[in-house]
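If you read the protein sequences in the order shown, they are chains P and R. Residues 7 to 385, numbered by our numbering, are exactly what the first sequence covers, in order. Residues 7 to 385, numbered by our numbering, are exactly what the second sequence covers, in order.
No lab work stands behind these hints, which were simulated from the structure alone. Keep in mind it's a predicted model, so treat the numbers as computed, not measured. Treat the hints loosely; a few may be bogus.
Note that identical chains are pooled: a pair holds if it fits in a single copy or bridges any two copies.
[What the hints assert, rightly or not] Below, simulated DSS-like cross-link-like pairs (lysine-lysine); rule was C-alpha separation at most 25 Å, straight line: (1) 9 - 185; (2) 139 - 185; (3) 139 - 9; (4) 277 - 56.
There are 2 protein chains.
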Amino acid sequence: MKKNLFSQRMEGIEKTLIREIHDKADPSCVDLGLGQPSFSTPSAILNHLKKNINDWNLGYSPNAGFPELREVIAENSGLDVSSEQVCVTVGAEEALFSILMVTLDPGDEVLIPDPGFPAYESLVKIAGGTPRKYPLRRENNFSLTHEDIVKAVTPETKVVLINSPNNPTAAVYSQQELKKLAGFMEDQDVWVISDEVYRELYYEEKPASVAPYLSRCVVINSLSKTFSMTGWRLGWCIGPSDLIQLMVKFNQLAVICAPVVSQKAGIFALKGLADKEKEENLKELHRRRETALRCMDEWTDLDYITPRGTFYLFVDVRDRMEKYGGSLDMCLKLLSEEKLVTIPGVAFGRGGEGYLRLSFAAPPPSIEEGIRRLSRFFK
Amino acid sequence: MKKNLFSQRMEGIEKTLIREIHDKADPSCVDLGLGQPSFSTPSAILNHLKKNINDWNLGYSPNAGFPELREVIAENSGLDVSSEQVCVTVGAEEALFSILMVTLDPGDEVLIPDPGFPAYESLVKIAGGTPRKYPLRRENNFSLTHEDIVKAVTPETKVVLINSPNNPTAAVYSQQELKKLAGFMEDQDVWVISDEVYRELYYEEKPASVAPYLSRCVVINSLSKTFSMTGWRLGWCIGPSDLIQLMVKFNQLAVICAPVVSQKAGIFALKGLADKEKEENLKELHRRRETALRCMDEWTDLDYITPRGTFYLFVDVRDRMEKYGGSLDMCLKLLSEEKLVTIPGVAFGRGGEGYLRLSFAAPPPSIEEGIRRLSRFFK
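Next comes chain P alone, as it looks inside the complex (with noise of 0.2 Å):
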């Protein structure tokens, strides 16, 4: 019998309906499925790396990151943490791919939100973890209720991850439930990731993490969204050392190091040398957010979830759903017949299902000529 030449482990796992909707997309398409703000890595950060390259030693790092980098991390954390707690990953998803395979056994459980980002459930998997959803419900504004994680809770529970400011959703969970969720969890074997990739990106009161009430948490964070950097897959996590210990381990074999080029400008950039350029771009997504909400309200009757964080629009098309076969088929139908990328809840689960997240990282042109097709979609 012949054998299968590949891992059972890839099984099922596929592209995301994310990128299967921007293969379809050509460059004629107005672009409101972008995961990424279409601003510049800051020009203060590139100057910096333009005047010092030839001096730096472009060799390996230790596998952990720098020793400075991952002390600005410790000391940029807002937590009571050592630099020995950090460590450097490529990139976010590179971070969270860590933790679960240095966690993570046949049979361990993990628990994650519903919608959610979808590397999320192929992640586990990958790593030998069963997923199992906890749903983020329509009546709370699909922010956190912790009930919803203490009742998905079982003996099997190794992690439990969550992710506020929450992508799709753009909902921003309460300091007290995420207090109340600790509370439950220090008495649990369990790890909880915190995915705060959107942290800095907020439009009303700062995001709470559940970090501080929590002994066993690991946060995961990147200068990807905050500094406009994805391509330079630069993210780190911060947890306690035995864990912190063991990702090392296994960021030496796996990677050996993050780019050293980006660990450099991770130094610079989270000294905040490049703050100027860094908030004048959260200035202008607040200005995207304000014209897109004006721009949903005005054009069209449809119902959204006020973005509290993240540069998404979560809208809610459950009451336009009976001519199609459900998001996925609505998103294709805005593709080809008005020229438009969207992301269909779906791609975030059956929780999402009914919603289509709209990204206004985009230039504000897009943002409105991609609404006033929306509307005209709807008409």
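Let chain P serve as the given structure and place chain R on it in line with the hints.
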């Protein structure tokens, strides 16, 4: 009962001896333990970056890497392959890790060389497979004899890993043996991974590859050793389309994409635009090799494997072992008594016991002083 909070797959995974010895060394030591050349990244690459980085889109690249980079990798490979058969990775290490992750299931065996690069064994374990060693033999100057692999193949063998030019032995495998290996492997349902990261570092005939003779072969390479760009983390693999497609899916999840600035540098380098410095560095490596061999011959009566590739000198100390508890003990004494960093052969498996690996990628004064200390140590 309290759950084990960490994954079993990380049990027994420790820092490599290479890393441990470097951790014990202080800056006053002469370091012949290095796995990277002392050269800087070619200035042509740095200038290209400084000149153009403001014009580049530094957002995510496609998961498989920029099409232009995949194209130039395919063209440079010397193989009859298309760019669709290339996946760009975060260095050669992540290429190897990805291949193992998308091919291995529990129970699958991977044949790895003994002595061999220590990460092979750990990566196979982390990816859920079982490492099995095949011998490289002193009587063949550690070059491959295909029979040793043929004999080691079992129905459980899923992957065979070969590495020429070889770390740590500096052997280069003969085309004849590689052809014979391919002839046998072609009838097996087995992947052959050919780790060719030292392929351009050779001192006699150009190294052959098994890839042209074998359909189920994956070649791994990177910018690291050839262009002195270890910290840039840019590697790739070339293989059958079905495997590459699966790796691209894996990469999307594990790292999203290789760092974009490094990919841009890679396009420039692989187009030959930094070849002047590359050639100068390769010539300098030839000179350093001559220096190392001359010092060994003049100052010591130690035997060694004449390096045909890489930048390592595999020194035979089997007849000096009586005073020591093994090559590790010898290394630690060299470190404490002579302030000389070398790597014990046992770091590469039991087949390396009785040897020391010295690197001649170090600057010539270090090579000379290092071998002087080695000679004094054995007086």
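Tested hints:
1. 9 - 185: Classified as between; 24 Å across copies, 50 Å inside a copy.
2. 139 - 185: Cα proximity of residue 139 and residue 185: one copy only (21 Å, versus 51 Å across).
3. 139 - 9: between (33 Å within a copy, 21 Å between copies)
4. 277 - 56: Both ways: residue 277 and residue 56 sit 18 Å apart in one copy and 22 Å across, limit 25 Å.
Consistency note: the structure conflicts with none of the earlier hints.
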